[in-house]
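Given only the sequences and the hints, what does the whole structure look like? Please build it.
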Amino acid sequence: LHQNTLDFISVKNYEISSISHVTMSPSRRNNLVSMYSFPLSKSSYSVISAFCTEDNIPQCISYINQELASLGLSSTCIEAISPGDTGLSTVPALNAMYELLQIHRRSMCNLEELEREQLRKSSTLEHIQMSNTRLKDQLELSIREKSGLHETERQLQLKIKTLQSCLKTEKDEVQKLQSVIASRASQYSHDAKRKEREAVKLKERLSQLLIDRKDKKLAIDVLNCLGRADGKRRHWKTTKATSSHEDEMYKSLLSDYEASQRSLMLENAELKKVLQQMKKEMMHILSPRQPSTRGATADDSQEQVSESHTCDASRESLDQYCEHAREQLTNSIRQQWRKLRNHVERLDSQASQAQNQLESNKEVIPRETHEDEMERMRCEVQQCREFIHAQQQLLQQQLNTSFDDETAALLNDCYTLEEKERLKEEWRLFEEQKRNFERERKNFTEAAIRLGREKKAFEEDRASWLKNQFLNMTPFTHRRRYSSSDGQSALSISNEPEIRMSSVKSQLAKSSTYTTFSTPRPSQSAPVPSTTELYRTLRLIPDSRYYSVTLLVHRVLRSGGMSIFSLGEDENSFT
Amino acid sequence: MNFSEVFKQTNQLCKVSPDGKYLATCVQYRLVVRDVSTLQILQLYTCLDQVSHMEWSSDSLFILCAMYNRGLVQVWSLEQPDWHCKIDEGSIGLVSSRWSPDGRHILNTTEFHLRVTVWSLCTKAVSYIKYPKACQKGIDFSRDGRYMALAERRDCKDYVCVFVCDDWHLLRHFETETQDLAGLEWSPNGCVLAVWDSCLEYKVLLYSLDGRLLSTYSAYEWSLGVKSVSWSPSSQFLAIGSYDEKVRILNHITWKKITQFEHPAIIDNTKATVYKEAEKRPGVGSDEMPLHNITMGATLFNTQSKYEICPLPVQIPVVKPDPDRASPKIGISVLAFSSDSRYLATKNDNMATAVWVWDMQKMSLEAVLEQTSAVRCFQWDPLRPRLALCAGNTKLYLWSPGGCVSVQVPTEGGFQVQSLNWHCSGDSLILLGKEQLCLCYMDTDQEDK
Chain Z
1 LHQNTLDFIS VKNYEISSIS HVTMSPSRRN NLVSMYSFPL SKSSYSVISA
51 FCTEDNIPQC ISYINQELAS LGLSSTCIEA ISPGDTGLST VPALNAMYEL
101 LQIHRRSMCN LEELEREQLR KSSTLEHIQM SNTRLKDQLE LSIREKSGLH
151 ETERQLQLKI KTLQSCLKTE KDEVQKLQSV IASRASQYSH DAKRKEREAV
201 KLKERLSQLL IDRKDKKLAI DVLNCLGRAD GKRRHWKTTK ATSSHEDEMY
251 KSLLSDYEAS QRSLMLENAE LKKVLQQMKK EMMHILSPRQ PSTRGATADD
301 SQEQVSESHT CDASRESLDQ YCEHAREQLT NSIRQQWRKL RNHVERLDSQ
351 ASQAQNQLES NKEVIPRETH EDEMERMRCE VQQCREFIHA QQQLLQQQLN
401 TSFDDETAAL LNDCYTLEEK ERLKEEWRLF EEQKRNFERE RKNFTEAAIR
451 LGREKKAFEE DRASWLKNQF LNMTPFTHRR RYSSSDGQSA LSISNEPEIR
501 MSSVKSQLAK SSTYTTFSTP RPSQSAPVPS TTELYRTLRL IPDSRYYSVT
551 LLVHRVLRSG GMSIFSLGED ENSFT
Chain S
1 MNFSEVFKQT NQLCKVSPDG KYLATCVQYR LVVRDVSTLQ ILQLYTCLDQ
51 VSHMEWSSDS LFILCAMYNR GLVQVWSLEQ PDWHCKIDEG SIGLVSSRWS
101 PDGRHILNTT EFHLRVTVWS LCTKAVSYIK YPKACQKGID FSRDGRYMAL
151 AERRDCKDYV CVFVCDDWHL LRHFETETQD LAGLEWSPNG CVLAVWDSCL
201 EYKVLLYSLD GRLLSTYSAY EWSLGVKSVS WSPSSQFLAI GSYDEKVRIL
251 NHITWKKITQ FEHPAIIDNT KATVYKEAEK RPGVGSDEMP LHNITMGATL
301 FNTQSKYEIC PLPVQIPVVK PDPDRASPKI GISVLAFSSD SRYLATKNDN
351 MATAVWVWDM QKMSLEAVLE QTSAVRCFQW DPLRPRLALC AGNTKLYLWS
401 PGGCVSVQVP TEGGFQVQSL NWHCSGDSLI LLGKEQLCLC YMDTDQEDK
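Protein chains in written order, with full-length UniProt numbering: chain Z, 1 to 575; chain S, 1 to 449.
Because the hints were derived from the structure by calculation, they are not lab data.
Quick caveat: nothing in here was measured; it's all calculated off a predicted structure.
Be a bit skeptical, because a hint or two may be false.
Partial selection, computed: residues in chain S whose CB lies under 8 Å from chain Z [claimed, not checked]:
(1) V33
(2) W83
(3) H84
(4) K86
(5) G90
(6) W119
(7) C122
(8) L171
(9) C191
(10) C199
(11) S208
(12) D210
(13) L213
(14) Y220
For each residue, glycine too, the CB sits at the ideal point set by N, CA and C.
As structure tokens, this is what we get:
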């Protein structure tokens with residue numbers, strides 16, 4: 001109903017305005033519509049249907065009067081000219097219209113004012129908003145600046161602190177130096193005072209002495225002189241004595257240096273031994289662990305192990321004297337130690353990781369990896385055990401012989417065989433020589449006996465010859481030429497030189513026999529000379545020419561008391 | 001432990017003969033010689049004046065008595081009491097007198113250190129050594145008695161003269177690089193001479209027997225330097241105690257410092273044992289108190305004491321020295337090696353109540369002994385690693401690696417032990433008071449903590 005009435009009014013207004021050429025903006029129209037809410041009926045909705053028709057004029061009039069009254073225009077009301085007439089009394093109607101127009105104008109003014117006010121307000125609002133944002137920006141900026149300044153202030157504070165501490169240390173330093181200076185100064189002054197006091201005493205004494213003039217001579221009064229502590233007599237001071245002092249001094253210095261050097265060398269050797277041992281142990285620790293997992297490094301260390309084993313023996317002695325080798329030893333130990341340390345660190349980290357894993361994650365996955373690890377480690381352990389076993393075996397072999405079993409045994413056999421053969425050979429030779437020697441000895445003895453007999457015969461011959469000569473010289477008629485001559489003793493005097501040269505034996509025998517030339521005495525043949533005498537005369541015994549020391553075996557045999565015999569080229573000397 | 005009765009002595013002059021059989025003491029102007037075991041008086045000699053210095057000759061046959069006031073030295077013979085010898089320095093005065101190592105020469109230093117006169121008792125001959133230096137330790141004999149080193153000051157420069165004691169022939173004479181030589185000491189093996197400068201400059205020089213400079217050591221500059229120096233009996237180490245409260249150890253191979261021992265006021269972070277002397281006041285009328293203490297009558301002075309092991313950290317009482325005085329009471333003034341070179345005992349002057357024992361094998365602190373009063377004297381047993389010390393009270397203290405013990409010296413009238421000397425056999429100790437002396441015979445192994 002309201003809506004219809006509103007529409008009606010709006011239509012009506014439009015019509016009015018169209019008539020009176022008052023245009024209204026749609027917005028105003030809407031505003032008007034919105035501002036006023038009339039209790040209007042809803043029945044008529046269309047714009048065309050009017051509020052007032054021919055039928056409801058009095059209702060409309062009363063309604064309008066009501067509305068006017070509600071607007072405060074109770075004084076003006078519309079009347080019909082007469083009841084039942086469709087026409088309106090113009091004056092109240094015009095008044096009412098005029099009032100309404102006034103009202104309308106007023107509300108328009110109000111509206112304008114309000115709009116103006118609103119505009120103003122919105123512009124101030126905008127302005128305020130702008131200034132607000134501007135101020136916010138400014139605020140932010142200033143906050144940032146403030147923090148920046150805070151920061152610089154803090155840094156400056158820090159700097160102040162450090163500078164203060166520097167200053168403090170410098171002050172302390174200065175104070176310390178001052179105290180040092182003070183103590184030095186007091187020490188100097190103390191010394192100076194002491195010296196001055198001594199000088200004063202000296203002066204006093206000097207003056208006293210000059211005054212006194214009773215010089216007490218220094219003297220020693222001993223009952224009797226003592227002997228020296230070591231009982232020796234006093235020596236003159238000679239250059240020999242001084243040089244001997246120098247010698248003694250240098251000797252004592254040298255012996256001290258030697259002693260210290262000896263002890264240092266011993267210490268050095270000990271330490272080197274310890275280092276070598278450490279190195280070996282470290283390598284031993286490192287090598288078996290690595291084969292399964294770390295291939296490259298394992299090879300490296302394996303190589304190193306084998307390398308060092310072979311080099312060790314040769315290096316042992318070298319280490320002692322060669323500085324280069326010493327450095328090598330220390331470097332290799334450092335290397336090994338680093339490796340060992342890294343290995344241990346790795347193990348440690350692994351262990352800690354494993355522990356962390358265990359602690360953090362107690363699910364299936366770590367267990368699996370754990371199982372894998374365990375399996376792997378078991379394999380590794382097995383491998384290591386085998387390896388260690390193999391190494392032990394090798395080591396054992398190495399301890400027994402320097403080569404491995406078969407070849408060593410074979411070689412041993414070879415050697416012993418060779419030795420045996422050689423020994424057999426030599427024994428054979430020795431037997432042969434022994435036999436030879438026996439034979440020769442027999443020959444010699446026979447020859448010597450023969451010689452002895454011959455000598456005897458010769459002597460007899462000579463004696464007889466001499467006798468003959470002597471007898472010939474005398475007037476004895478009985479002359480005998482060529483006294484008893486054996487077949488053997490072809491030793492006529494004329495033949496002597498030949499015989500002398502004929503055989504070695506007689507040549508050798510001449511020295512002993514011809515000494516008795518002057519006295520014609522039948523030389524009693526001495527008993528058959530002993531073998532050694534014989535040999536000596538026959539110059540068989542120790543003459544360095546006949547020595548031969550080619551083989552050890554011969555010397556052994558010689559010590560048995562037999563004379564020497566030699567092989568090879570010297571054999572001819574006996575023939 | 002047995003204590004002998006108390007005898008009189010003056011001037012702390014009481015010495016055992018080098019062979020350990022006799023004990024010589026000076027009482028006023030008399031010289032008394034006793035047998036060490038029985039303490040019976042064997043000989044009695046009378047000198048012309050109060051004796052200032054007394055010394056046995058090396059062969060234990062003669063005793064030298066020097067009277068510095070009169071400038072006289074008298075020598076007495078033990079075998080022949082009638083034998084006499086008197087050396088008169090005349091107007092030149094006498095400042096010090098000593099035997100030569102052969103026991104047949106006497107070296108007298110005249111007043112003002114004008115010269116050193118060498119008197120021969122064999123020939124009555126005299127030799128002079130000019131310009132000897134007046135310093136802390138200007139003369140030292142090598143242990144084998146063959147050489148004597150003497151510090152000389154000539155034309156404001158320091159020199160060292162090495163003499164052969166046999167005939168006083170000057171073997172070497174060389175200048176030292178010191179500003180003001182304070183002392184010299186032979187190493188026990190007689191091959192190295194340590195020379196040190198005065199405390200104004202930290203400098204220790206090591207010279208070989210033939211005069212070559214082996215090495216120089218200087219720990220720092222400007223502050224006060226060396227206070228004391230000691231060789232280890234094996235000649236392996238040289239300990240240098242300085243005013244900065246540290247001991248530096250040099251080794252005989254490179255002559256470089258191998259370690260330094262510090263003496264902090266607060267001992268912490270060490271494996272050493274700290275023994276603190278605690279007095280136990282005997283309660284009057286308690287059953288514990290032994291009877292003889294009461295009969296002594298001087299219970300106030302004879303308080304028993306024992307050692308307690310203190311847990312670390314321990315604070316040692318420090319007395320700050322007067323900074324204006326010369327030779328301040330700070331720094332390591334006493335160094336003593338045990339006979340096996342295993343231990344080193346030190347004393348820091350501003351911690352006068354403490355004795356520090358260092359283990360030379362481990363190069364660390366072994367023990368600290370804190371006494372109730374300032375330690376006067378300590379000395380190692382000549383044979384064992386046992387340290388005896390005294391603190392100017394009536395007690396004798398002994399330390400060994402097994403423990404520490406405090407022994408009351410049982411004398412009437414309170415005998416304050418000022419200094420002590422071991423007998424050369426290590427079996428007894430001679431305790432010297434102000435005017436008294438007492439012998440202490442050791443039992444076998446008496447240690448308890």
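Results for each hint:
no., hint, in the structure
1, V33, "18 Å, violated"
2, W83, "5 Å, holds"
3, H84, "5 Å, holds"
4, K86, "5 Å, holds"
5, G90, "4 Å, holds"
6, W119, "6 Å, holds"
7, C122, "5 Å, holds"
8, L171, "6 Å, holds"
9, C191, "4 Å, holds"
10, C199, "7 Å, holds"
11, S208, "7 Å, holds"
12, D210, "6 Å, holds"
13, L213, "14 Å, violated"
14, Y220, "10 Å, violated"
In this structure, the earlier hints numbered 1, 13 and 14 are contradicted, and the remaining ones agree with it.
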